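Q: Here are the chains, one letter per residue:
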Amino acid sequence: MLNLSLRPLANVQVRAVSSKYPRPTPRHFKRRVFEAALQPELPPTVSSCIPPGLVKREHTEKSKEYSDVELALSNLVRDWMVKEEFRVMAVCQFLPVPGRTLWFAKNQLRSKNIEFRSYGNKILKKVFEKTPMSSLNTVLVGSNAILMAKDFAALKTILQETDKLNWLEPLVIMADNRIVDMVQARELAKLSSMEDLRAHTVQILGQQVAQITISLDTATRHLPSLLDSYAASQQEKQ
Amino acid sequence: MASKGAARVRKKEIVKVVHGALLRTNIKAQMASAAPPLGPQLGQRGLNVANFCKEFNKETGHFKQGVPLPTRITVKPDRTYDLEICTPTTTWLLKQAAGIGRGKASKDEVVGKLTVKHLYEIAKVKSRDKALQHVELEQICRMLIKTCRTLGIEVQYHDLDPTELKEFLTARKEKVDAQLKELADKKAAKMLRTT
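Keeping their order, the protein sequence lines are chains A and B.
For the first sequence, position 190 matches number 190 in UniProt numbering, and the numbering has no gaps at all.
For the second sequence, position 187 matches number 187 in UniProt numbering, and the numbering has no gaps at all.
For reference, chain A alone in the conformation it holds in the complex (with noise of 0.2 Å):
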């Protein structure tokens, strides 16, 4: 009799000690009755859905936003480039580089009177607002480097050492205030000097006004003998 009694008592024993044991589902009406009645009162919760690509809108937003750092990091790089008068700029892609090699790169080129930045496109677009260079906005994709130079016979050398540097890829320049592509800069920097260009101009203005003077004095030249001829003429006739 006792047996029987504390059979049940026993496995209630069993279940509460061991975690092996997975519980009853659904549990016991009991137990269930018994929850109910100790749950607490709570306000009931209102479930809000997030609208999809809300929290996405939300960071590319926060993204393009510039803290005081960033606005005072952009207003130095241009206050910079005024101060220091460059005339050329290559945007160029920058490739992963181990750091010692690029410091070492960095001070040759600084040697050949090339500076080399790296701030980051979203600085650079700010530099670049309401200039004519915020054209330059659409190579401002991924990694980018700028290397500004104060002499334009430096678009040559820029050429001639980011061509040695396989992690340095020159997109675009910019000379004064044109964007020059890569071919065209690539012909310019067959010239030996950018003075030839000026001499070829100088020339090609000079050719235009000698031929206008001769035009205008074949034209003079020919005016008394087309008057002989006319009167000649007309003198025939009479």
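A couple of the hints might just be wrong.
Which residues of chain A face chain B? A few of them, derived with a C-beta cut under 10 Å, are [claimed, not checked]:
| id | residue |
| --- | --- |
| 1 | 69 |
| 2 | 107 |
| 3 | 111 |
Take a look, some chain A residues computed to stay more than 10 Å from chain B by CB distance [said to hold, decoys possible]:
| id | residue |
| --- | --- |
| 4 | 43 |
| 5 | 108 |
| 6 | 119 |
Straight-line alpha carbon distances no greater than 27 Å define the calculated DSS-like cross-link-like pairs of lysine-lysine that follow [to be verified]:
| id | chain 1 | residue 1 | chain 2 | residue 2 |
| --- | --- | --- | --- | --- |
| 7 | A | 30 | A | 83 |
| 8 | A | 164 | B | 130 |
| 9 | A | 106 | B | 104 |
| 10 | B | 146 | A | 106 |
| 11 | B | 130 | B | 146 |
| 12 | B | 190 | A | 112 |
| 13 | A | 126 | A | 190 |
| 14 | B | 190 | A | 150 |
| 15 | B | 130 | A | 106 |
| 16 | A | 122 | A | 83 |
| 17 | A | 56 | A | 106 |
| 18 | A | 164 | B | 76 |
| 19 | B | 124 | A | 106 |
| 20 | B | 58 | B | 181 |
| 21 | A | 164 | A | 106 |
| 22 | A | 83 | B | 28 |
| 23 | B | 64 | B | 187 |
| 24 | B | 190 | B | 175 |
| 25 | A | 125 | A | 156 |
| 26 | B | 124 | A | 112 |
Please keep in mind that the hints were generated in silico from the structure rather than gathered at the bench.
Only a predicted model underlies this, so the values are computations on that prediction, with no experimental measurement involved.
Here a beta-carbon is modelled for each residue, glycine too, at the ideal position from N, C-alpha and C.
Take the given structure of chain A and dock chain B to it, following the hints.
A: Same frame as chain A, now just chain B:
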């Protein structure tokens, strides 16, 4: 038996460390030796340690003994090497100029005083380094100012007052002695984990 054999095979799994070609270390002038840490570093890269030490000590003969020199060793595949010995470390130069032996131990602690003239002279010395060639002197000076901040050295524009500096250094020496004594006590009490 088979299981024993398998266990023996499993036991030995040595991962071979592949070292880069460049080894950057600070070695004290005329004091290169085959003892750790330099000896094993070179040995792992397959260099002849004795020859290296001999060459290094000969090359650094014009330096005062014990000056820490940043050294760059480029190891080639045929186990020959290129040795590049730079000018003494910036921290050492700054400490020497400031007349101190110990940097700051806590935040906002001033351990020494230097003027911009000192920094200019140190910058001129450092500009001889291969890594700092074609770097503007102003840029090097800026780097030095940053290092001064790390060390806790105050940089000022105006010249130092000798009497004021002497007082400062005396007070500082007492403080450093107290710090070192405290450290030694802690070490004696085995409160610090030294190993």
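Q: State for each hint whether it applies.
A: Each hint, compared with the structure:
At about 18 Å, the closest approach between the beta carbon of residue 69(A) and any beta carbon in chain B exceeds 10 Å, and the interface hint on this residue is violated. Look at residue 107(A): its Cβ gets to within about 4 Å of chain B, closer than 10 Å, so that hint holds up. Taken as an interface hint, residue 111(A) checks out: its beta carbon lies about 4 Å from the nearest beta carbon of chain B, inside 10 Å. Here residue 43(A) stays apart from chain B, with its beta-carbon at least about 48 Å from theirs, past the 10 Å limit.
The claim that residue 108(A) is not at the interface with chain B is violated, since a C-beta of that chain comes within 10 Å of its own (minimum 7 Å). The beta carbon of residue 119(A) sits about 17 Å from the closest Cβ of chain B, which is more than 10 Å, so the claim that it is off the interface holds. A distance of roughly 84 Å separates the Cα atoms of residue 30(A) and residue 83(A); the hinted pair therefore is violated under the 27 Å criterion. Straight-line distance between C-alpha atoms of residue 164(A) and residue 130(B) comes to about 20 Å, which keeps the hinted pair within the 27 Å bound.
Only pairs whose Cα atoms come within 27 Å are accepted, and residue 106(A) paired with residue 104(B) is rejected, the gap being roughly 33 Å. Distance restraint check for residue 146(B) and residue 106(A): the Cα-Cα separation of roughly 21 Å lies within the 27 Å cut-off, and the hinted pair is therefore satisfied. For the given pair, residue 130(B) sits about 20 Å from residue 146(B) by alpha-carbon distance, which is consistent with the 27 Å threshold. Under the criterion of a C-alpha separation no larger than 27 Å, the hint pairing residue 190(B) with residue 112(A) is inconsistent with the structure, at around 58 Å.
At most 27 Å may separate the alpha-carbon atoms for a hinted pair to count; residue 126(A) and residue 190(A) exceed this at roughly 34 Å. For the given pair, residue 190(B) sits about 63 Å from residue 150(A) by alpha-carbon distance, which is inconsistent with the 27 Å threshold. Straight-line distance between C-alpha atoms of residue 130(B) and residue 106(A) comes to about 13 Å, which keeps the hinted pair within the 27 Å bound. For a cut-off of 27 Å, the pair hint linking residue 122(A) to residue 83(A) stands: about 22 Å separates their Cα positions.
Among the hinted pairs, residue 56(A) with residue 106(A) is inconsistent with the structure: their alpha-carbon atoms are about 38 Å apart, more than 27 Å. In summary, the hint linking residue 164(A) to residue 76(B) is supported, as the alpha carbons are separated by about 23 Å, within the 27 Å threshold. Pair hint residue 124(B) plus residue 106(A) holds up; C-alpha atoms about 20 Å apart against a cutoff of 27 Å. Of the pairs offered as hints, the one joining residue 58(B) and residue 181(B) is violated, with about 38 Å between alpha carbons and a cut-off of 27 Å exceeded.
Distance hint between residue 164(A) and residue 106(A) is fulfilled; the C-alpha atoms sit about 13 Å from each other, no more than 27 Å. A threshold of 27 Å between alpha carbons decides the hint, and for residue 83(A) with residue 28(B) the separation of about 44 Å lies outside it, so the pair is violated. Between the alpha carbons of residue 64(B) and residue 187(B) the distance comes to roughly 31 Å, so the proposed pair goes past 27 Å and is violated. For a cut-off of 27 Å, the pair hint linking residue 190(B) to residue 175(B) stands: about 23 Å separates their Cα positions.
Of the supplied pair hints, the one linking residue 125(A) and residue 156(A) holds, its CA atoms being roughly 26 Å apart against a limit of 27 Å. Only pairs whose Cα atoms come within 27 Å are accepted, and residue 124(B) paired with residue 112(A) is accepted, the gap being roughly 21 Å.
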